[in-house]
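Chemist: Below are the chains, spelled out letter by letter.
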Amino acid sequence: MTSNNTKFAGPGPDQVYLDHLRQQNFSLPKCQACGEFHFFPRVVCPHCGSYDLKWQALSGKAEVYSTTTIRRKPERGGNYNVSLITLEEGPRLMSRVEGIDSELVKIGAKVCASINNDGDEPFVVFTPAQEV
Amino acid sequence: MSHELRGSSAIVGVGLAGCGEAPGRMPLDILAEATHNALDDAGLKLSDVDGLFTGSSYHFMPTLSTAEYLGIKPRFSDGSMVGGSSFVAHTLNAAMAIKNGLCEVALICYGSNQRTAGGKLATMSEQQIYEAPYKPRYPISSYALAAARHMHQYGTTREQMADVAVAARKWAQLNPAAFARDDLTRQDVLNARMVSDPLSLLDCCLVTDGGGAVIMVSSERAKDFPNKPVYMLGSGTAHWHRQITQMPDLATTAAVDSGKRAFEMAGLTKNDVDVVELYDAFTINTILFLEDLGFCAKGEGGAFVANGNIAPGGILPVNTNGGGLSCVHPGMYGIFILIEAIQQLRGGCGARQVENPEVALVHGNGGVLSSQVTTILGTEAVL
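Top line first, the protein sequences correspond to chains A and B. Each residue of the first sequence is one higher than the one before, starting from 1 at the first, in our numbering. Each residue of the second sequence is one higher than the one before, starting from 1 at the first, in our numbering.
Calculated from the structure, these hints are not laboratory results. Check before you lean on any hint, since a few could be wrong.
[As the list claims (entries may be wrong)] Okay, derived cross-link-like pairs now, DSSO-like style, lysine-lysine, Cα gap no bigger than 27 Å in a straight line: (1) B:K228 - A:K73; (2) B:K298 - A:K61; (3) B:K45 - B:K170.
[Stated by the list, open to error] Covered by chain A, per the in silico footprint, the following chain B stretches (three or more residues, Cβ under 8 Å): (4) 36-50; (5) 139-152; (6) 303-317.
[Unchecked claim] Facing chain B, according to a computed beta carbon distance under 8 Å, are these residues of chain A, among others: (7) H20; (8) L21; (9) R22; (10) I70; (11) K73; (12) L84; (13) G90; (14) N117.
Backbone N, C-alpha and C fix where the C-beta goes; we use that ideal spot for every residue, glycine too.
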């Protein structure tokens with residue numbers, strides 16, 4: 001039997017997330033019951049179990065939670081950064097910090113989200129936040 | 001009243017095969033040889049096995065492929081896949097199956113040709129689509145991120161992590177079957193090629209071939225076998241995440257829960273433990289698990305492992321075979337920590353034998369610090 005529940009109508013959360021990025025919009029589902037955002041996008045809130053979710057744009061403000069430099073020979077493209085980033089809104093995701101030597105990326109550093117469109121599909125990267 | 005599974009089953013046979021390099025062999029060839037050795041050790045035949053517990057990075061339906069290869073028709077099978085911790089988890093499931101009469105002779109087994117088949121980590125794991133664009137190295141980058149976070153939160157140092165590798169090597173030097181037995185210093189680890197900061201090549205486990213097998217029966221039958229039985233006193237599992245981004249706190253693992261559950265079932269505390277066998281895929285693992293299992297306070301694992309404290313002659317014998325870092329690590333390592341704990345409790349481990357151990361703690365890890373499984377084993381003296 002097919003569900004008639006409109007909550008589950010339309011494309012799934014992976015598709016919606018990517019569609020937003022293609023429109024240069026970084027959004028995540030926010031739970032209407034507990035108020036928490038989550039990442040990666042799901043049809044159910046992993047914090048409270050509610051299915052009442054609504055997509056909302058993020059501020060892009062974030063902080064480095066942890067970071068590593070992956071060593072690679074220069075002829076294969078050189079070293080690169082992989083970081084875990086905690087968004088101002090709460091969720092944590094894997095990304096990289098650009099515009100700075102990977103080894104200078106510090107845990108706790110403030111960073112800003114941007115959308116990288118160089119690949120087949122857009123993805124979110126971060127750059128050091130400008131000092132105000 | 002103690003838990004009904006406490007001491008209800010016992011291990012009566014263990015076998016290893018192909019540890020190090022086993023060129024020209026397929027994973028099931030190695031598994032079958034280890035099984036032969038375990039059955040031989042127990043004085044049993046393949047036809048006696050009616051319960052099968054196995055996991056694989058090569059066979060999508062591992063219990064089916066393994067039973068077919070061995071020519072057995074198990075009454076009960078379990079292929080629960082929680083990565084390298086699977087085989088430790090199988091001790092709990094086997095104990096339940098035996099206690100409930102679903103099988104009488106349980107075979108827990110594993111085999112891998114990871115080294116001679118090319119050295120790459122064999123995996124049937126699905127790609128993590130939200131991690132893929134950033135090209136993390138799997139699984140080391142996840143462990144590196146945890147290590148970096150532990151260093152940040154608690155001041156843990158690369159030197160302290162290096163001491164984990166040095167302690168493992170010192171144990172390996174007492175184990176003729178260990179793969180890496182050359183001298184190793186803290187400086188060697190610090191100077192080794194960096195792979196994913198802060199982890200260097202020597203913070204990482206070996207890549208070897210190898211297989212292992214364990215035979216479990218009910219405690220009522222256990223004394224009818226040639227070897228001193230080793231009893232399953234307690235076991236607990238826990239998992240809080242799959243991908244590293246979803247781990248709530250990268251400096252605390254679900255071993256906090258698996259350990260508590262295992263100790264509760266066993267009716268024991270960390271003070272009762274004589275020997276500890278932990279899944280040391282990377283040096284940070286040993287530090288995390290000693291903290292999370294309660295052997296030291298959170299954040300003090302670095303100091304706890306430093307300066308030979310977990311090496312031979314130290315305050316706590318940890319990873320007495322040389323660990324995944326120096327003894328053997330064929331893709332998934334869980335079966336080998338189980339076997340080392342059993343051998344220590346039986347006695348007869350030669351130069352690396354811990355003095356009269358009665359309780360051993362085995363702790364398995366799977367995924368990227370994702371699955372945590374603790375099993376506590378003991379001799380008849382602690383039944």
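Chemist: Hint by hint, say whether it matches the structure.
Modeler: Hints, verified against the model:
1. B:K228 - A:K73: Violated, at roughly 53 Å.
2. B:K298 - A:K61: The hint is violated at about 30 Å.
3. B:K45 - B:K170: The hint is violated at about 37 Å.
4. 36-50: violated (count 0)
5. 139-152: Held - the stretch 139-152 of chain B has 7 residues with a Cβ nearer than 8 Å to chain A, which meets the minimum of three.
6. 303-317: Violated, because only 0 residues of the stretch 303-317 of chain B bring their Cβ atoms closer than 8 Å to Cβ atoms of chain A.
7. H20: With Cβ-Cβ at 14 Å, over 8 Å, it is violated.
8. L21: Violated, because the Cβ-Cβ distance from L21 (chain A) to chain B comes to roughly 11 Å (cut-off 8 Å).
9. R22: 14 Å, violated
10. I70: 5 Å, holds
11. K73: This hint is violated: K73 (chain A) lies away from chain B, its Cβ roughly 11 Å from the closest one there, beyond 8 Å.
12. L84: Nearest chain B Cβ about 6 Å off; hint holds.
13. G90: This interface hint is violated because 12 Å lies over the 8 Å limit.
14. N117: Where the cut-off is 8 Å and the nearest Cβ of chain B is about 12 Å from N117 (chain A), the hint is violated.
Violated hints, listed in ascending order, are 1, 2, 3, 4, 6, 7, 8, 9, 11, 13 and 14; each of the other numbered hints is respected by the structure.
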